[in-house]
Amino acid sequence: MNEINAFLYLEDGNEFTAKSFGHTPDSPVLSEIVFNTSMQGYQEVITDPSYCDQTIVMTYPLIGNYGINQDDSEAITPHLKALIVREYCDHPSNFRARQSLADFLTNNNIVGIHQIDTRKLTRLIREKGTMKSILSFKQLSESEKAELFKQDLPTNQIPKVTTSAISHFPSNGGKRVVLVDFGYKKNILESLLKRGCDVIVVPYNTSFEKIKEFSPQGILLSNGPGDPKSILEVLPTIQKLQQEYLLFAICMGHQIFALANGADTEKMKFGHRGGNHPVKDLILDRTYITSQNHGYCVKDSSIANTELEVTQINLNDKTIEGLKHKNYQAYSVQYHPEASPGPNDTNYLFDVFVDRMNEVHHA
Amino acid sequence: MPKKQNLNKVLVIGSGPIVIGQAAEFDYSGTQALAALREDGIETILINSNPATIMTDKEMADKVYLEPLSAEFVKKIIIKEKPDAVLPTLGGQTGLNLALELAREGFFKREKVELLGVNLETIEKAEDREQFKQLMLKMGQPVPESTTINTLKEAMEFKEKIGLPLIIRPAFTLGGTGGGIATTEQEFETIVNSGLSNSPITQCLIEKSIAGYKEIEYEIIRDAKDNCIVVCNMENLDPVGVHTGDSIVVAPAQTMSDRDHQMLRDASLAIIRALKIDGGCNVQLALDPHSYQYYVIEVNPRVSRSSALASKATGYPIARVATKIAIGYAMDEIINPITQNTYACFEPTLDYCVLKIPRWPFDKFHAADRTLGTQMKATGEVMGIGRTFEDALLKSVRGLEIKRYHLICENSDNLSNEELLARISKPTDERIFELSELIRRGVNIHDIHQITKIDLWFLTKIQNIIELETQISPSNWDKDFILTLKQNGFADRYLAEKYQMTEMEFRKKRMELGVIPAFKIVDTCAAEFESHTPYYYSSYEDENEVRSDGKESVLVLGSGPIRIGQGVEFDYATVHAIKAIKELGKKAIVINNNPETVSTDFNISDALYFDAVTFEDVMNVIDNEKPIGVICQFGGQTAINLIDQLSNAGINILGTSADSTDLAENRNRFEKALKELEIAQPLGTNVSSVEEAISKSAELGFPLMLRPSYVIGGQAMEIVYDNEELKEYMKFAMNVWPGQPVLMDRYMIGVEVEVDAICDGETVFIPGIMEHIERSGVHSGDSFAVYPPQTLSDEIKKDLIESTVKIAQSFQIKGLINIQFIIKNKKAYVLEVNPRSSRTVPFLSKVTGVPMAKVATKATLGHSLLEQGYKTGIQEEQKIISIKAPVFSFSKLKDVDTALGPEMKSTGEAMGRDLSFQKALSKAFKSAGINFPHFGTILVTIADKHKEETLPMLKRFHECGFKFLATHGTAKLLSENNLPVDEVAKIGMAQRDLLDDIKEGNVQLIINTITKGKNVTSDGYKIRRAAVENGVICMTSLDTSWALLEAIEINASGTIAL
Ligand SMILES: Nc1ncnc2c1ncn2[C@@H]1O[C@H](COP(=O)(O)OP(=O)(O)O)[C@@H](O)[C@H]1O
Ligand SMILES: Nc1ncnc2c1ncn2[C@@H]1O[C@H](COP(=O)(O)OP(=O)(O)O)[C@@H](O)[C@H]1O
Ligand SMILES: [Mg+2]
Ligand SMILES: [Mg+2]
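Sequences listed follow chains A and B, in order.
The letter at position 340 of the first sequence is residue 340 when you use the numbering used here, and the numbering goes up by one with no holes.
The letter at position 418 of the second sequence is residue 418 when you use the numbering used here, and the numbering goes up by one with no holes.
Just so you know, the hints here were simulated from the structure itself, not pulled from any lab data.
Here the structure is a predicted model, which means the values were calculated and not measured.
Beta carbons: idealized from backbone N, C-alpha and C, even for Gly.
Among the hints, erroneous ones may be present.
[Stated by the list, open to error] Listed next, with one range per pair, are the computed distances between beta-carbon atoms:
#1 E309/A - N603/B: 34 to 44 angstroms
#2 R110/B - Y348/A: 37 to 47 angstroms
#3 G550/B - S143/A: 54 to 64 angstroms
#4 Y348/A - N603/B: 30 to 40 angstroms
#5 N414/B - I76/A: 25 to 35 angstroms
#6 N14/A - A270/B: 50 to 60 angstroms
#7 N603/B - N172/A: 53 to 63 angstroms
#8 E309/A - R104/B: 43 to 53 angstroms
#9 G550/B - E3/A: 36 to 46 angstroms
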């Protein structure tokens, strides 16, 4: 393992030194730094397109234990900037391991650093909110740092991660779903395929008319990275879709669905990223453990004058976790029912979706 | 969902005396449960026969019944108290089995008492191996191929079909009692027999062996709304085949991908939902390391040892939440007490690694079979928390107190690689050290993996440690290197040796380099939320999270893992010390590494440091907290052993000083001191070689009592009768404790008494005296003892009090003191003085009403006894007679001789209280789980020297309705004395011998006093083991036999002819 020194600078002035175990670019990397509390599932996390342009701190200290395998990636290419862990494991042990995490990061040009007090780092992010960070493999002067921190963080990630072409995953006689890709995780697609759906994945900015051509029975708005307000141009399409089709939206999809109906979104202090978030379903009076990854959320106060209804809330901070439209067959969740990584407690939402397509069809 | 209606009074069933497989974890869970109930305004009634627990303190419940845990007494209490409901899920297997028994009878229904947490159907489905299997099959959850059998014949049939190896798992037992894996025909038969006799319903599951799979546990909770969460998953380093209680366990699981984890999580949740458990539950699974194939091993529908571990590992209070659920709350209504701003309905996430190592009693039982299998043998455990696996492992190793500070394999110099490789093919307590040595010698970890099936991930981690070892050289003081060593858990003490200096010197240099630990918080949420809970562990990281509040603080040292001789009693005293410090308005800090106990509940102290109780770790806490001083007298020998070092390091010892402690523990000084006080003690001396021993023995005369200095629990103590035995003992002791002298005393036979006192340097207050039932020679921890004394004259009592006062004052005791005496010919001799809290403190505190540890703590903090209302002298004796009974775990420990002697063997204690001595005795036996017969056959095998003494006892047994079985000599004597006796052949002397009678159940009681000592081929030993294996009561002391006779007499209605 290469043991090159790495330097981490935070916007608030805190600095850390660490060791590298991944890609070591010549120029410093500026990115938004966030933390994830999942104890397992680092492969799914780093391949989740929603982390586009971000640096992830894993709070669990021992990462890399079971290597990287062929099945668990959520997208073909990872889009994150860097991974920070307390201790990287160079000797993976699992029957499916094909590659070490270090090799995977290096091959994909992703920075990886370890030997750092990740708990301190997490506390800083919790207290001060997600912030800019610089990762560098040589020490930077004060002016170099200042110069970098002056730069804006990259925005508009969705166009970077969305599919460029329409692709069809046919099934024999199954319900047709158009999956609008804001940066979908593979397991959303698989959750639909597993249930016999015929899925057409379309770029995020596909027009209503184009979608209509596919005569779908259901629309699924996927997860995706960044700020939902970066793609306001899609709102009219969503407004039309919900009137005509059964619509289910996940994560980014949920936020766009809210915006399309006149609600507002806001940036959270440090977001929700992990596999242990309790979500209370207000209708069923049940609490589920969910997988989450979002830095923005729908503003609670913005719901009042809309046709939306809050169906689920986060048990801890009471933020909105689920919405439904009062007049249309359209609903959404902020968390990830497709899990990967995380608990399968809310997988049943895909069953509900498929069942409803059947009902709508019969009606 | 608010609290259930009409729930005003709840009976909690405790788990009773501590035995292997059911230990202090149930004091922890029970204590939490009682507190959780009371918070909701529920009146609490507790039944538990174990006086050594915090939960049985008067103030813990509205009413505490220290009565036998039997159906009879539970029923009586229910009828008397009329509770609305019974909560049985926090009392281990004992509580659950009792609830099952009463539920089956329909007793709860009749009395209109609700069963909380579980129902009859759930218990049966989860605990009955056959019903459980059927449920799994119905759910599509995989279980290994198996069959349920009730006879040996059925077992044989299954074996013919499937073939060996097979595993035998008895139903309704705890800690796998009686079961095991059979690889040969003979093993198979033996284990099936023992399994059947140990199962209360004579049922075993015979199952295909899946040894070698990963063993994974899930701790889960469900509420009545069907919300379910996983508190923690844990991976056993030792693969399937070694009981989880005997395995090294890591949390969270390390070698599973998220997909593996979710698969097992889904299975666990499906199971708890199918069983409809309202509360905590433990699911054990086996996962094939090479595929997704998994099997369900078992489910425990209650809180367990693993849930205590999971609670401490995550900070999530399972017992508390389970109790709230049992009384009707949903998890999304219960606040997470650690963060205080999130709910109990979430899954804890860790940002550290936790490791548990069991503590086995093999240091005491040299003859025991050390092989680990499906039956648990450990008495306790330690836990280490680290930011690296290596740190957690090495912290645990040094916290075990087995005189090892590193992964060092003792006495391995003469072993070849082949020999070591052969050894690790069988799991034992030494395996982790043996395989470390093999790695050190360059043996490939893949070879070790092949043999042990231990996952390569773990072996690689151990290899990391060994690799770091090789880089150590006395000149390598590179700061980063030293930091790396410390981050990987290397102990100062080990490093000091490597750097050729004292531990103190090493510590100083390390600190000069700036390599100083930081303390991190255990917060259930990996710092995602702010937490105010002062639950800390050390790590060599950047940020220290401990913020001083400027309050004056006191550090209490805990007692480490539970072992024979140092049990839950010491945790009891520790907790009381903490409470007393808090009462005085000071900050109470505790350091301890035992995950089972109440003292490591973060709610108890103002700051909990979960670290090993070693000099290094204690000093780190002191540096961090700067307490006004350290209290060492409640943490047993663990803490006492640190006094010297701490005192030398300039630390203020609160209470009895290092010098006074030494005065009591240093043989020469002690002898001199007693002589000056004109207090008698048995003649004795100390010797350091075989020759010296022989020559001194001539002066003292046989029999002699021998022991090494500075040990607890009568460890390695023996009575020798001649030169041969003396020589053998000396060789053994010089080998095990090189450089330590052996103490040699004249063995005095007399009445043994114990006096516990509290002293503030001037006033000496004695709460009470306890008299042993067995004459001296049986360790005080193993003897029945009664308060108040029954046979002592006022004169002797006066003598004892005077001596105690004199000793306490002249030794300058500040705090607790325990003195053991032998009374012979109306004269009291001092056996030993323990300048610390002793095993008897909880018992005596309860029966005398004096909160001894609290009073002592306050005395050490400057509040004189007079100020607290106590004067010199003894407190007036209570009317109620209280008897302490020892409890053993022999059925778990193959090959251990059950004969009682000066070396302690019991794992726990129980209590019997009543107005008459005999009734109290009878209850004490029942509490200890000795279900004595009221009539039947007694096998009498007694040494010649005891024969005359035994006759009157046997006559009275006969009056009660007993006849006898004996071998030729004894049979002749009995029939000459008109006692009905059947003669039976000695072992091996005929086709049928007395062992057959034991096996066939023809004998209800055995009185056995022959051939004690180390000889495992002796007849006496074989009889005693046969008794254990077949569940027959066996008395090895005539005094206990007398006591049992009295208990039987009070219960028996004799027959009187006209
Ligand atoms: N089919 C099996 N093959 C091999 N080992 C087994 C099998 N079933 C259980 N074991 C081992 O035996 C241990 C004890 O079994 P378990 O059913 O958990 O009993 P207990 O009730 O004593 O905990 C387990 O921890 C596991 O290591
Ligand atoms: N000189 C002696 N004569 C007779 N019995 C003794 C003598 N010394 C010790 N014993 C017996 O051995 C037991 C253990 O000895 P003790 O000194 O109390 O050791 P420990 O430190 O383990 O408590 C005592 O309870 C007593 O029954
Ligand atoms: Mg088990
Ligand atoms: Mg003693």
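Legend entry - Earlier hints that do not hold, by number: Numbers 3, 5, 6, in rising order.
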